[in-house]
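The lines below spell out each chain.
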Amino acid sequence: MSVHVYRKTLRDQRRAVVGWGAAVALLVLLMAALWPSVRDIFDADLLAAYPEPFQRLFDLEAMATGAGFLNAELFSIILPGMFIAYGVGRGARLIAGEEQDGVLEVVVVTPLSRTRLLLEKATGLATGIVGLDAVLLVVTVVGSIVIDMAIPIGHAAVGAVAMVLIGVQHGWLALAVGAATGRRTLAVAAASAVAVAGYALHVIGALVEAVAPWQPLSPFTQAIDAGPVSGTVPVGFAWLAITALMVVAAAIPLFTRRDLVTA
Amino acid sequence: MAAVIRTSGLTKNYGGTVGLTGLDLEVTAGTVFGCLGPNGAGKTTLLRLLVGLLHPSQGRAEVLGIDVAHDPDEVHRRVGYLPGDFRAYPDLTGEEYLRFLGDLRGGVDAATVEELAERLKLDLSRRIGALSHGNRQKVGIVQAFMHDPPVLILDEPTSGLDPLMQREFLELVRGARADDRTILLSSHILTEVEAVADVVGILRQGRMVTVDSVEDLKARALRRIDLTFGHEPPMAVLAATPGVRELRADGRRAHLVVVGSTADLVAALAPYRVEDLVSHDADLEEIFLAHYAEEG
Ligand SMILES: Nc1ncnc2c1ncn2[C@@H]1O[C@H](COP(=O)(O)OP(=O)(O)OP(=O)(O)O)[C@@H](O)[C@H]1O
Ligand SMILES: [Mg+2]
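These protein sequences, in sequence, are chains A and B. Using the numbering used here, the first residue of the first sequence is number 1, and each one after it goes up by one. Using the numbering used here, the first residue of the second sequence is number 264, and each one after it goes up by one.
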């Protein structure tokens, strides 16, 4: 089976993956370089000064380990934020953006079905995010070795998978909303709103007892609650993957049945 | 002869706006059908319905017997389509872009692409984003023709082309018809459609107000003529000439409108000294007027 749209989607991401990859690498290496001095601070009895809920939310105790430090500083908001931004920006562009630019019209009038078009683009986006994630994994592992953070490769890999999942989930949501509506701004807005709401639910669920039962609905909770750099693969990963697939599946009939907008 | 394009009761409403209303149309194989109409008449709406980019509010459209709504991809396989506002990936070269589209069609003959580009004097090695409007339009024309589709649906294909390239394009269309392909194209320009179409349909406010052979349309066409005489204009003679309307004198000049052939007028003028004769092609609006005048 020839997958020309998939290949084009990948080719179009080459430069972006390199750019974003460089930013991710810089960030991780910067944090890793800070680790030795942070470790010394946390050796002191600073932890007790924080209220207990904050300790839980930011996993302060874990800050005393290399993995805990990276989880708190990078994997709980900055990296998820970057992966979401990458996924949402790209995802909204792939169909709604091309459609509003007027370039999709001729592509749609080929024997390639709209379903196939959407699926190849979704797969291409996910592959791009995996590429970005490979950069993350490599620098995390290398940083850990160089700075002596003692993070096992397996643990780093689980953290990296969490970033892929949260990035793909939000990216596919933007892609799906764009495919269903043909409106790029709406796609970005909807996916961003879901991301903000998910993060808010994750934070508030940790702080407020009454909200706690709802917390698992947050993609952030599913992705990062176990670390995410840790030795356990949370079941939440499956939930993230399934919801991401469901969102794309739901977009298929909407995309096939609607009118294409003109530039 | 079998209809290659057939619509029945085809209707498209955009919210409250009428795009197309109850269109019944048949275009037979090997025909060039020219779709004329003023801005907003519904030409683009019709063409986009035929390739399944739009879904009808009512009625249906068939291309080569395939229901467009039911099996759009089978229609796409057999159609070359040029949108009214053609845009291509600006970061690709013409060659890369056409190869991509060709791949989606299961591969096209590189020699065909090259020949088309040569005829249109299109440089395929340049980035599309760096091309002029007319040259970008040529990329659009090439992609519509390159897989030798049996049906071509072209929305204002000559927009942006210089006169030389317009002529070359019309040659392409004639060649396609000679190969028994069916072509539906839209335009604002009567002379362009006249030059190449067998049948002309005139759309107005979402309705096809007339479908006619080009000969019949020409026979009904109005032409404005300004005559300058070496003496007083022979108004009585002019007024008595068949086909002359809206006659009016202005010193030694006479302005008039001729319906259909000018043969009678030219014969009537023979005895007189005509110093200058200027003829204006009827524009679309005048064709409509002629049509409505005939309907009474
Ligand atoms: N997406 C849309 N939403 C709302 N109204 C639309 C839309 N597309 C077209 N229309 C309306 O439908 C009518 C027909 O438009 P269409 O584009 O088919 O005309 P056209 O004959 O192609 O005009 P032009 O010669 O300017 O290209 C117009 O009144 C137009 O405003
Ligand atoms: Mg139009």
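Hints are computed from structural coordinates only; laboratory data are not their basis. Note that beta-carbon positions come from the ideal geometry of N, C-alpha and C, so glycine has one too. Misleading hints may appear alongside valid ones.
As the list claims (entries may be wrong) - To give an idea of the interface, some chain B residues facing chain A are shown, with a C-beta separation under 7 angstroms as derived from the structure:
{"id": "1", "residue": "Val314"}
{"id": "2", "residue": "Leu316"}
{"id": "3", "residue": "Leu317"}
{"id": "4", "residue": "His318"}
{"id": "5", "residue": "Asp336"}
{"id": "6", "residue": "His339"}
{"id": "7", "residue": "Arg340"}
{"id": "8", "residue": "Pro346"}
{"id": "9", "residue": "Tyr352"}
{"id": "10", "residue": "Asp366"}
{"id": "11", "residue": "Arg368"}
{"id": "12", "residue": "Tyr535"}
Unchecked claim - The following residues of chain A were derived to be distant from chain B, with all beta-carbon distances above 12 angstroms:
{"id": "13", "residue": "Val3"}
{"id": "14", "residue": "Val18"}
{"id": "15", "residue": "Ala22"}
{"id": "16", "residue": "Leu26"}
{"id": "17", "residue": "Arg39"}
{"id": "18", "residue": "Pro51"}
{"id": "19", "residue": "Thr65"}
{"id": "20", "residue": "Gly89"}
{"id": "21", "residue": "Gly102"}
{"id": "22", "residue": "Pro111"}
{"id": "23", "residue": "Val138"}
{"id": "24", "residue": "Glu209"}
{"id": "25", "residue": "Ala241"}
{"id": "26", "residue": "Leu245"}
{"id": "27", "residue": "Ala263"}
Should the label of Val138/A as a non-interface residue stand, given a Cβ cut-off of 12 angstroms to chain B?
-> Holds, because the least Cβ-Cβ distance between Val138/A and chain B comes to about 28 angstroms, which exceeds 12 angstroms.
Could you check that no beta carbon of chain B comes within 12 angstroms of the beta carbon of Ala241/A?
-> holds, 29 angstroms
Going by Cβ atoms only, is His318/B closer than 7 angstroms to chain A?
-> holds, 6 angstroms
Far enough from chain B: is every CB of that chain over 12 angstroms from the CB of Pro111/A?
-> violated, 4 angstroms
Exclusion check [Arg39/A not at the chain B interface, CB over 12 angstroms] | Holds, since 47 angstroms exceeds 12 angstroms.
Minimum Cβ distance from Arg368/B to chain A below 7 angstroms?
-> holds, 6 angstroms
Is the interface hint for Tyr352/B satisfied, with its Cβ closer than 7 angstroms to some Cβ of chain A?
-> This interface hint holds because 6 angstroms falls under the 7 angstroms limit.
So, Asp366/B near chain A? Judge it on the closest CB pair being under 7 angstroms.
-> holds, 4 angstroms
Does Leu26/A really sit off the interface, with its C-beta more than 12 angstroms from all C-beta atoms of chain B?
-> Given a closest Cβ separation of 26 angstroms, the condition holds.
Taking C-beta pairs only, is Gly102/A more than 12 angstroms away from all of chain B?
-> violated, 4 angstroms
Any CB of chain A closer than 7 angstroms to the CB of Leu316/B?
-> Holds - the Cβ of Leu316/B comes within 7 angstroms of chain A, reaching about 5 angstroms at its closest.
Over 12 angstroms to the closest beta carbon of chain B is the bar; see if Gly89/A clears it.
-> About 17 angstroms separates Gly89/A from the closest Cβ of chain B, which puts it past 12 angstroms; holds.
Consistency note: the structure conflicts with the earlier hints numbered 12, 13, 21, 22, 27.
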